[in-house]
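Asks: With chain V held as given, fit chain P onto it using these hints.
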Amino acid sequence: MKRILYTVLACAVFLTMLTGTPKKRRPREAGSIPKLTAPVTTGWQRTEVAGIRIAAPPNATVTRADDVYALEIRLERDRVFRFEKQVLDLPQLRSEYPVDFLMLDAPDAFIVLIETSGGNDFCRVVACSAPVNRAPLCVDTHAYANEQCAQVVAIVRSIQPL
Amino acid sequence: MKSAALALVIALAVYLLARQGLVLHDWFGVEGKLTAPDIIRFQLPDALWQYAFCMTVYAIWRDLRTLALPLALGLVAEATIGTFDPADVVALVAGALGASLQIGIARRSATRHSESSASR
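Just so you know, the protein sequences line up as chains V and P, in that order. Okay, so the first sequence: first residue is 1 according to our numbering, each after it adds one. Okay, so the second sequence: first residue is 163 according to our numbering, each after it adds one.
What the hints contain is simulated information worked out from the structure, not anything from laboratory work. Where a beta carbon is used, it is the ideal one built from N, C-alpha and C, also for glycine. Errors might be hidden in some of the hints.
Here are the simulated distance ranges between beta carbons [unchecked claim]:
hint : chain 1 : residue 1 : chain 2 : residue 2 : range
1    : V       : M1        : P       : D247      : 37 to 47 Å
2    : V       : V8        : P       : A167      : 19 to 29 Å
3    : V       : Q92       : P       : S165      : 47 to 57 Å
Chain V is nowhere near these chain P residues, computed Cβ spacing over 12 Å in every case [stated by the list, open to error]:
hint : residue
4    : L186
5    : P199
6    : D200
7    : R224
8    : E240
9    : A256
10   : L263
11   : S278
Just chain V, same shape as in the assembly:
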């Protein structure tokens, strides 16, 4: 019984130490959340895959996923974005967030800033292409770099049927 008590105490002490390690949260000032725009895709590589034409940043790799309705784009090492044929309710998903936190807001896409208690903020991006063979290719993902979220929107907007 004593051992269990000591173990619980040790766990409590060690986990309490971690409360000091996150970054300090500073309250956001009004207008401090950046507004993003999708980058222009001039100079990007054009790939034809799975019946569509898609633009991707230089150094990105575009692959068809195992199932026929999805594409995977690797923007950097260990970061793969998946674009699937699906229908997402963008207005519904968008309504879950305060307007102030929307960094990009368009009919076909939105990027929202997600704050975490640990200070590791990230962006969530939801975007859908124009319909390709009756269904749009959509993505609902996140990234730690705002630029990557914006790139995902540009990629989705570049999708065209062959």
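Replies: Then chain P, alone, in the frame of chain V:
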């Protein structure tokens, strides 16, 4: 246990002196100004914290299998409070392995010592 305490002191020193803008700096009223490679600033404290946690739990139970508990808690904390950066995960596992290695060596030398005492 001395090594666990030393590991915690070193980890705390790294956090206080080589990192900036952490809650910890408010507690101690200091701000880190030293520059160091990322592996020292980020992964070393993780590994030392995990090592100290494992050594403490082992000191209570004297059973190597119980090291799974601090390692599991470390990984859960990394996934929730931390970023679950693969390098941090490697550091945590390395910390736990370091502790188990040290315990294994200590146990082996204790066994040899008791055997040689008994044979005299």
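Asks: Out of the numbered hints, which ones does the structure contradict?
Replies: 4, 7, 8
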